[in-house]
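**Student:** Counting in this note's numbering, the sequence shown runs from 7 upward without gaps.
Source of the hints: derived by calculation from the structure; they are not laboratory data. Heads up, the beta-carbon is just placed ideally off N, CA and C, and yes, glycines get one too. Among these hints, one or two may not hold up.
[Said to hold, decoys possible] Think about it this way: if two alpha-carbon atoms lie no more than 25 angstroms apart in a straight line, the pair counts; the simulated PhoX-like pairs of lysine-lysine are:
id, residue 1, residue 2
1, Lys410, Lys330
2, Lys510, Lys540
3, Lys389, Lys347
4, Lys180, Lys165
5, Lys410, Lys331
6, Lys331, Lys304
7, Lys391, Lys347
8, Lys304, Lys391
9, Lys391, Lys483
10, Lys391, Lys410
11, Lys540, Lys410
12, Lys410, Lys510
13, Lys304, Lys330
14, Lys483, Lys347
15, Lys347, Lys331
16, Lys330, Lys389
17, Lys540, Lys483
18, Lys410, Lys483
19, Lys389, Lys410
[What the hints assert, rightly or not] So the derived label-pair ranges between C-beta atoms look like this:
id, residue 1, residue 2, range
20, Glu335, Pro393, 42 to 48 angstroms
21, Ala253, Tyr375, 20 to 26 angstroms
22, Asp272, Lys165, 30 to 36 angstroms
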Amino acid sequence: MIESDPELGSSSTTAIPEPPTDATPSPLAARLPPTILSQVFELLHDDCERDGSLEWLQASSHVCQHWRAHALGHQSLWTSLNPMILSRGLVDDFLERSEDAPLEVDVHALPNGNDRELRQAYRRVLTRELHRVRTLMYAHTDAERQFVPAAEELALLLKEPAPLLHTLRLPALKRSRLLFREAGVLLNFLTNHAPALQRLELTRFPPSCFPWGSPPPAIRTLVLCIDNPIEGVLSVSFTQVLDGLRAMPNLRTLSLSGMVPRRTVDDNAQVTVNLPHLQKLRLTGSGEQYAQLWCALKLHPECAAQIEIIHSADFPEILPNALKKHFIECDISSFQELHVKRNASNGVVYDLYPLSRPPNEYASPSHPYTHPYLSLFVSWENKMKTPHAPAVQIFDVTPLRNVKRITIEAVDAARTDPERMARLDQRVGAVEDLVLVAYRPSQLSSMFLLLGRSLLSTPSEEGDDVCMPHLRTITLKQCHFDREVAGPALRYTLERRAQECVPKLDSLSFVGCGLEMGRVDELEVELVESGLVKRILSDDEAGRTSAVTS
């Protein structure tokens, strides 16, 4: 018996209440064919489900008996099971009406839900109906601790064959070292009971949860993010991971965090894993093994790669080779924008991507592929004998010839290290837009002098003594542009470029720089009227944009 619910209408013995006795449908509504009604119900169902509502139950039952009868017999309306449905005691009705159709089982936070009833409902579905579950997914949300039941609870229920299971997403909440029983159940389930699985996302489960020796053959999306107390120490070997990846040739998305074991002398060093369909790669962890794995993979030519090698003791020596191999095998023709977020003696961070299409750093690892890019984050703790060497090696193999726009964020240093910027300076001859972020006066001075070739005498690859000869705009964001250091360095650089017959800048822009009152007028006289810059743009105190144009 379904209890009275203000959203469902009066009490009824079915999930859809009877239409009111005075309901008089229009002749057209009463005569709509089943195919049209099905589309109407499905659209209404999808809209209500996105809004977290069950109003589609009312709408499909309060028109006429014809609509109600068709809704009761339309299987696909009854295949989506979520906390709102299960917490209201509707599980029996939905399972009955859906008959043998594949089920979509979702878990998300439900404030004020009946925890006991939810647990019982999910248990019933996964113990009795697992054979027809197509998806079992927890929502991507920051409120994971409100999930009832927790992913660890549901993992223990996955003991029967699930021949239709297509998608499984389980984010555990406990520390992984407490979940070895759950990991054993998952290992057996993935090995023996989920032959059609195409999308798997497991978070914070032990590394032993995935069957590298016999992975699901149809899998296309694999996201494994473990909570490993000792990075690189796993029950599986580096070679076994490579063999497991080779057994999944249909992979489109691969994200491994904390899941890559250290390579040993027994592992095959000369090995390549061909994954021709892989368009999204994300490797995150500590240690050179992540660069070694990347170097072993051959991906789709237009791939999006995110490599994060963090908290390593030393700079991964194989990383430049991995970068070089990646760029040789991938289509880099669209990479026209570079954002250098860090270029320091203990780390390099940058994004390389098509113009005005940066990577979405907030997207989940399984987010659909959108466009090719490379996002690199590498940091190390031990000091190098030659501090600038890693950055030089990295930028030496990074394709920058087609880059039109470059953004460089300041590092925490007194000035920009010219040696560390040397190779970058020489290989960005096509740059038209330069953006500098959070620079202090001394750092701005160094960058401006680099543009004027005052710190370097080495000619560029094109044989031109001018750095960035096609530069049209310079934008300073949150920079301290003072009169004593940065200002004179900029004027000197622009004068030197003018002597080399380089076209003057189209614009010099200040964003969030907090220029003093009247400073824009001074720059107009100093730079615009002197013919060094066409116009100056600045956001004023009111947040508007003021322009001074020659």
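**Student:** So if I understand the rule, the pair passes when the alpha-carbon distance is 25 angstroms or less; does Lys391 with Lys410 pass?
**Tutor:** Roughly 33 angstroms between the alpha carbons, so the hint for Lys391 and Lys410 is violated.
**Student:** Given the hint that Lys410 pairs with Lys331, test it: the Cα-Cα distance must not exceed 25 angstroms.
**Tutor:** holds (23 angstroms)
**Student:** Given the proposed pairing of Lys510 with Lys540, does the C-alpha separation stay at or below 25 angstroms?
**Tutor:** With Cα atoms ~7 angstroms apart, Lys510 and Lys540 stay inside 25 angstroms; holds.
**Student:** Quickly compare the C-alpha distance for Lys391 and Lys347 to 25 angstroms and report which way the hint goes.
**Tutor:** Holds: Lys391 and Lys347 sit about 23 angstroms apart, inside 25 angstroms.
**Student:** Given the hint that Lys410 pairs with Lys330, does the C-alpha gap stay at or below 25 angstroms?
**Tutor:** holds (21 angstroms)
**Student:** Between Ala253 and Tyr375, does the beta-carbon spacing fit 20 to 26 angstroms?
**Tutor:** Hint holds: Cβ distance 22 angstroms, inside 20 to 26 angstroms.
**Student:** Within a Cα-Cα threshold of 25 angstroms, do Lys410 and Lys483 meet the stated pairing?
**Tutor:** Satisfied, since the Cα-Cα distance of roughly 18 angstroms is no more than 25 angstroms.
**Student:** For the pair we were handed, Lys540 and Lys483, check the Cα-Cα distance against 25 angstroms.
**Tutor:** With a Cα-Cα distance of about 19 angstroms, the restraint between Lys540 and Lys483 holds, given a limit of 25 angstroms.
**Student:** Lys304 and Lys330 were given as a pair; does the straight-line alpha-carbon distance stay at or below 25 angstroms?
**Tutor:** Roughly 12 angstroms between the alpha carbons, so the hint for Lys304 and Lys330 holds.
**Student:** Do the alpha carbons of Lys347 and Lys331 lie within 25 angstroms of each other, as the hint requires?
**Tutor:** holds (23 angstroms)
**Student:** Just to be careful, I want the Cα atoms of Lys331 and Lys304 compared with a cutoff of 25 angstroms; is the pair within it?
**Tutor:** holds (9 angstroms)
**Student:** Keeping to a limit of 25 angstroms between CA atoms, is the pair of Lys180 and Lys165 held or broken?
**Tutor:** holds (21 angstroms)
Checked against the numbered hints given earlier, this structure breaks hints 8, 9, 10, 19 and 20; the rest are met.
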